[in-house]
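> Below are the chains, spelled out letter by letter.
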Amino acid sequence: MDGTIFIPLMVVIPIICAVLVNLLHEHSGVTKIFGYIGAICLPIVPILAVYGNHFFGGYQPLANGGLTVALPEAANAIISGSFLELFHPAITYAFGPGQQVILFVLGLVAMCAVFISIAETKKTSGVYLYMLFMLSAALMAFVLTDDIFNLYVFFEIAALVQVGLILVSRVRGNYETGLKYMLLGEVGGSFMLLGIALILGLTGNVNISDIVMMIHTGLVNPTNPVLLFAAGMLIYGWLYATGLPPFNAIKSEIYSKGLPSGSMLLQSFSVIACISIGLVIIRIFGYLPTAQMAMLAVSVIAMILGICMAMVQDDYKRIIAYLAVGELGYIGVGLGLATPLSITAGLFQAVNELVVTSFLFIGFGLVLYKTRTSKISKLGGLVEYMPVAALLTVLAGFAMAGVPPFNVFQSKYLLCQAAIAAGIPELAVIMIILSIVTFLAFLKMAYAIFLRPKPDELEVSSASVPKTTMAVMIVFLIICLIIGLFPGLVVDKLGVLALTAFAL
Amino acid sequence: MNMYEKLVQTLKSTFGQDPEKTLVNGSKTSSIVSAELVLMASVLVAALTIRLVSPALMIVAVIGLMLLFMYVTPIMPKLYKEHNDDFNNMMFYAVLTLAIFAIVFYWGVF
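If you read the protein sequences in the order shown, they are chains F and W.
Note that my numbering has the first sequence beginning at 1, numbered continuously upward.
Note that my numbering has the second sequence beginning at 1001, numbered continuously upward.
These aren't lab readings, by the way, just hints derived from the structure by calculation.
Note that the Cβ used here is the ideal one computed from N, Cα and C, for glycine as well.
Wrong hints could be hidden among the right ones.
Covered by chain F, per the in silico footprint, the following chain W stretches (three or more residues, Cβ under 8 Å) [claimed, not checked]:
#1 1057 to 1063
#2 1066 to 1074
#3 1082 to 1091
#4 1094 to 1104
Work the whole structure out from these sequences, hints included.
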């Protein structure tokens, strides 16, 4: 059996699970079993899959020798030796070492989200699991697809599922937030589609590799104003998908309105969209200094705004949400510098971000579970009630701030090196300043929630912390330590993906 | 009135309905002062990257930013008010950014 068959299965399996848990949602036990099976498959399939391309329908490029025998002589004479031979006639999924690392970590996060969702609810909700699986499928497709329109389709599916995750959370104000996110998505998503449509109009192609080849070999004029406008619209769509300014306020709001398991995947969407669409932009428009400058400028603003706004909040869910948005700026800086080292560092930061932010959402989700409040001013003394969970949550905060020996230290260090190597040491200075302030924000939050005396009016639930949630936090801590101590395990593979951004 | 009292007064009017009754504790004040300083430092350092476009422009930008900071400090309460969950604000900035991108990429790339 060809191992590349597992490539589409990474998307197909979660979709099948989503459909099944939704159809069988009235049978809690069956839903739970399908939920567990599907969740376990998510990180395993990327490990089993073999590197290569999957061509849907089996339609390979003619240069691969797949169809030339069936073509008439006259057609062969025209096609043979031309660019047409290299074009991809079908939707193509590309799977390499970089994609494997990202999908494995994403699968792990999605699996943990499903486990926590099942563990923390008395009756398993098939509808909620449906949304978790659909979002996972969309994110997997984001990483794999080499087709810009396929990317957009899954982007829209993911956007709708995100709204669904907010609507079912039962957090106060969730309906309004969901509606706002959809309306802003109308702006962000529509203009991204316009950019894709303009590229299709100019190149007649939606395969990203083909578009890159056409632009870089002069088949399409790279300075065509319509193409440049398309670049602007694609970057604008990237801002919306990622939650970089001006969409950072709504992104932080939706993170704070989701359940912890939902928020884990909501932030995963932002991270995966950031690298997937960001890499597409770098591949197609890497020759445009303006595109790189725009990405860098917005990313730096996101970092500064995210951390400054986090400092002035009194709600820890909003603090985590703003910090998560701010951390996305680091990934954007890596992509915007557009060197192989910086892109590798950006991808490395993204992988770490997937784990660490999920770790934090679960940790502070436990605080909410015990106290039913997210206002820092009303909290205190929780270390007495949940000592291990408190320690793990503080360690998660340290990991996000970039404290060694955790994984984010390595990625931020690599980002600083990349910024200096690219001749912009100012960015390294900003990243260091903001990491210190992130650490400060966590210290303040950890002291206020866990260490200071408990306010008299605070009621702490006597319910024990769910064992599954604790196990997931320990798994995340181990991952943070392993990647932090042995970064080569991840960086070498991500470096291969970064180099593909520069390949024709 | 010294600088600290002025700041606390601004914070009271920003974070509470009634400035007389609003309690702004030391922790909150120090957080906002930290955010204020980080914002200024980061923006000034970021402005140094304008040297890649033009060193003269960088000097003008940095001096301009310093003057701006002197006159508009404290910035964080204003930023907090502006950067809220109001849909009108969000849509305004989304459309403004779209317009900037459209102009820069259509006319200003080459």
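> Does each hint fit the structure? Answer for all of them.
Right, here's what the structure says about each hint:
no., hint, in the structure
1, 1057 to 1063, "violated (count 0)"
2, 1066 to 1074, "violated (count 0)"
3, 1082 to 1091, "holds (count 7)"
4, 1094 to 1104, "holds (count 8)"
Hints 1 and 2, counting from the list given before, are not met by this structure.
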